[in-house]
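S.K.: This is what each chain is made of:
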Amino acid sequence: MMCEQAEGLVNFCRIYKIYEFILPSWLSSFTYFFSAITLALTVINILIISTALYTWFERRTLARFQSRLGPNRWGPFGILQPIADVIKAITKEDTVPESADKVVFNMAPILLIITTLLVIIVIPLGPNSFMGSLNIGIIFIIGITSMNTISIFMGGWASRNKYAMFGAMRSVAMLITYEIPMGIAIVGILLLSNSLALSDIVLSQTIPFFIIQPIGFFVFFAASIAEISRTPFDQIEAESELGSGFHTEYSGIKFAIITLAEFMAPIISAIVITTLYLGGFKGPSILPAEFWFSIKVFGVIFFMLWIRATWPRLRIDQIMNFAWKPLFGLGLFNLFSIAIEVFVFQDKVTGFISTSHYWIMAGINWVFAILLFFGITQIIGNKNKEKIKHSYKTNMIS
Amino acid sequence: MSIRTEPVTINLGPQHPSTHGVFRLRVTFDGETVVDVDPVFGYMHRGTEKLAETRSYVQIVTLTDRLDWVSSMSNNLAYVRAVEALCEIEVPQRAQFLRVIAAELQRIASHLMATGFLVNDMGAFATPLMYCFRERERILDLFEILCGARITLSYMRPGGVFQDAPKAFWDNLDALMKEMPIYIDELESLVTTNEIVLARSKNVGVLTAEQSINGSLSGPMLRASSVDWDIRKSNPYEIYDKLNFEVPIGKNGDVFDRYLVRIKEMRESLKIIGQCVDMISEGPVRADVPYNIRPPAGDIYSSIEAPKGELGFYLVSDQSISPYRCKIRSPSFMNLSLLREMLVGWKMSDLIVILGSVDFVMGEVDR
Numbered sequence: 315m316m317c318e319q320a321e322g323l324v325n326f327c328r329i330y331k332i333y334e335f336i337l338p339s340w341l342s343s344f345t346y347f348f349s350a351i352t353l354a355l356t357v358i359n360i361l362i363i364s365t366a367l368y369t370w371f372e373r374r375t376l377a378r379f380q381s382r383l384g385p386n387r388w389g390p391f392g393i394l395q396p397i398a399d400v401i402k403a404i405t406k407e408d409t410v411p412e413s414a415d416k417v418v419f420n421m422a423p424i425l426l427i428i429t430t431l432l433v434i435i436v437i438p439l440g441p442n443s444f445m446g447s448l449n450i451g452i453i454f455i456i457g458i459t460s461m462n463t464i465s466i467f468m469g470g471w472a473s474r475n476k477y478a479m480f481g482a483m484r485s486v487a488m489l490i491t492y493e494i495p496m497g498i499a500i501v502g503i504l505l506l507s508n509s510l511a512l513s514d515i516v517l518s519q520t521i522p523f524f525i526i527q528p529i530g531f532f533v534f535f536a537a538s539i540a541e542i543s544r545t546p547f548d549q550i551e552a553e554s555e556l557g558s559g560f561h562t563e564y565s566g567i568k569f570a571i572i573t574l575a576e577f578m579a580p581i582i583s584a585i586v587i588t589t590l591y592l593g594g595f596k597g598p599s600i601l602p603a604e605f606w607f608s609i610k611v612f613g614v615i616f617f618m619l620w621i622r623a624t625w626p627r628l629r630i631d632q633i634m635n636f637a638w639k640p641l642f643g644l645g646l647f648n649l650f651s652i653a654i655e656v657f658v659f660q661d662k663v664t665g666f667i668s669t670s671h672y673w674i675m676a677g678i679n680w681v682f683a684i685l686l687f688f689g690i691t692q693i694i695g696n697k698n699k700e701k702i703k704h705s706y707k708t709n710m711i712s
Numbered sequence: 012m013s014i015r016t017e018p019v020t021i022n023l024g025p026q027h028p029s030t031h032g033v034f035r036l037r038v039t040f041d042g043e044t045v046v047d048v049d050p051v052f053g054y055m056h057r058g059t060e061k062l063a064e065t066r067s068y069v070q071i072v073t074l075t076d077r078l079d080w081v082s083s084m085s086n087n088l089a090y091v092r093a094v095e096a097l098c099e100i101e102v103p104q105r106a107q108f109l110r111v112i113a114a115e116l117q118r119i120a121s122h123l124m125a126t127g128f129l130v131n132d133m134g135a136f137a138t139p140l141m142y143c144f145r146e147r148e149r150i151l152d153l154f155e156i157l158c159g160a161r162i163t164l165s166y167m168r169p170g171g172v173f174q175d176a177p178k179a180f181w182d183n184l185d186a187l188m189k190e191m192p193i194y195i196d197e198l199e200s201l202v203t204t205n206e207i208v209l210a211r212s213k214n215v216g217v218l219t220a221e222q223s224i225n226g227s228l229s230g231p232m233l234r235a236s237s238v239d240w241d242i243r244k245s246n247p248y249e250i251y252d253k254l255n256f257e258v259p260i261g262k263n264g265d266v267f268d269r270y271l272v273r274i275k276e277m278r279e280s281l282k283i284i285g286q287c288v289d290m291i292s293e294g295p296v297r298a299d300v301p302y303n304i305r306p307p308a309g310d311i312y313s314s315i316e317a318p319k320g321e322l323g324f325y326l327v328s329d330q331s332i333s334p335y336r337c338k339i340r341s342p343s344f345m346n347l348s349l350l351r352e353m354l355v356g357w358k359m360s361d362l363i364v365i366l367g368s369v370d371f372v373m374g375e376v377d378r
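Residue numbers (our numbering), protein chains in the order written: chain A, 315 to 712; chain B, 12 to 378.
Take the hints with a grain of salt, since some may be wrong.
Said to hold, decoys possible - Pairs of lysine-lysine, DSSO-like flavour, derived with a Cα cap of 30 Å:
no.	chain 1	residue 1	chain 2	residue 2
1	A	K476	B	K213
2	B	K213	B	K253
3	B	K358	A	K476
4	A	K662	A	K596
5	B	K282	B	K253
6	B	K189	B	K244
7	B	K262	B	K213
8	B	K338	B	K244
9	B	K282	B	K213
10	A	K639	B	K244
11	B	K358	A	K639
12	B	K178	B	K189
Bear in mind the hints are in silico, worked out from the structure with no lab data behind them.
Input sequences plus hints: build the corresponding full structure.
M.R.: Here is the structure:
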């Protein structure tokens, strides 16, 4: 067993060495197994606990946005609220509709949580801190996040509920729509990093990629919000329309699992955005790399929450329009401009681009981005079509 | 080539987050598009009109509170005006001012609620709703000072009001009058120019002026369709003929215009309250009316401009202590009469938004 690297909080080799030291000789053939299980359990549990904390954080923050208090009863600042939620969910009766397809119905939440959790495998949480370093990490992420929609559709279809069916159909429609701008935005990253492995992508970000390709960042951000079905793209579980969408019929622990997966999705999404565009674990060395990573993820999550607290939701055909026309076009434009710039600035021998050239690219792209965003908002924006202030007339004072 | 699709019929309600009560719609969808709607009423029928026949004229005031529970003051006003017209009771000047102040405050509260729920139906996660509720709460506090209740007020009596406003009411009203325009500006900055709100509400659920007159709509629904008709102007009651205010008129008759008309009406209501506070004089607040009124035999129809439209009471008296018949013309019920014209052809999400823009309260629909 080769174990040279020993850095980072989540490190397989470190755990392996500890087990090598602890385990009695008759168990030594299981060392690899034990250390792998330990690592997996640690990461999954950290993720689940942070999701639980995130539910508290989301409710508190939304409450502050809405000038109310939020959960504040149990524990300091109500921080133990997730525990109460889970206990309540577990003790509820677990009902299955009589006419439901029971196998698929029961399988959907499990598949949902598995596909959500699987993404974390390839994410570098710090230098040399990852569970598995796949050399096709980014393709793995695209594939796994699409699986998510299948489980949503399974749940919606199997529960034999028309509202759930509506939500499920919408989720499939949104999958087809949003995978494409997302994929195109990712190609822009690959052109710059020359690698599909996420650790290489992070290391190649001498300056964060969102500075170099703001259009790509916008496209990816919008598409990933749609992927996790958050406001303004939360048509899948539009509370005011469908009750609760595809999980209308779920109750008890299955509902808890679905909610867990749903609240984990923003975290995972923020993690992917951080890795691809914000420089991942990189940062000034006053703090450990893992802390920088967490801070960036937290920032992205907060930004998503901010959007959720402010904006209403788009209609399903408007969402599709938005994806196929502006987002798709922006993604293609970003791809071509990056490709041309890479062709011009790339070092012909090593294949890498120097930091000063990165800054030049960033300057060009920001000019493009501002012009394009201004142009598109002028074209598709309702605000400019007519002056709102004069859209009502009043009769004269009697 | 077109794919063959089958229509799906969904029961929207009676238990649904966006039907504002127990309204039930049998909607037939073709994919996401509404093909047919079939409203079902009566889940909240409490027999208010029948109950009124067994109560004395003063006791019926408490029944009117429960009609449209977000605007009890207006309901009270409409009813007591009908009784006063029946018995030809002269109402003191101060009581009329107090009634108008209370009714306009109630209009602001009702429109705040309508706006909040409209934006909530569009999918904004409760932020505009909470802003609206925060301000509505202050008006309810004022009502509490005024008459001790917050929702079911029963403030008005045939011949005046229940009691004079205490000093704390005027102080708090002054503070509210100062802060309310800022609140409305804040709400408008959050909602009115929001690109998504515009995309969701512009040209959605359009009703032409002709349609809305034929459907006997009233209130903001009618005025959004550019029909200039407000009972406060066309048939002034109480002291409205002494007050200066404008009636906001919409242009297209879509959801956005209904929203704008409501916002503008709130500002106009503030203007009316300000004038009333300036003009009000000392005096009695209740005419000398016996507890058990026995009006002369006859019938009367009297209507006012409630926040949701024309609220009318038709009373028939047979000289006993309770009315022989009490018919209520409720704006919410009438405003729902054009549902099919508004909804068919729109998407499911639009259906919810259009329902929200009608601003109906089930207590008033099923009397």
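S.K.: Each hint should be assessed against the structure and marked as holding or not.
M.R.: Hints and how they fare:
no. : hint             : result
1   : A:K476 to B:K213 : holds, 29 Å
2   : B:K213 to B:K253 : violated, 36 Å
3   : B:K358 to A:K476 : holds, 16 Å
4   : A:K662 to A:K596 : holds, 27 Å
5   : B:K282 to B:K253 : holds, 13 Å
6   : B:K189 to B:K244 : holds, 26 Å
7   : B:K262 to B:K213 : holds, 11 Å
8   : B:K338 to B:K244 : holds, 24 Å
9   : B:K282 to B:K213 : holds, 28 Å
10  : A:K639 to B:K244 : violated, 48 Å
11  : B:K358 to A:K639 : holds, 20 Å
12  : B:K178 to B:K189 : holds, 17 Å
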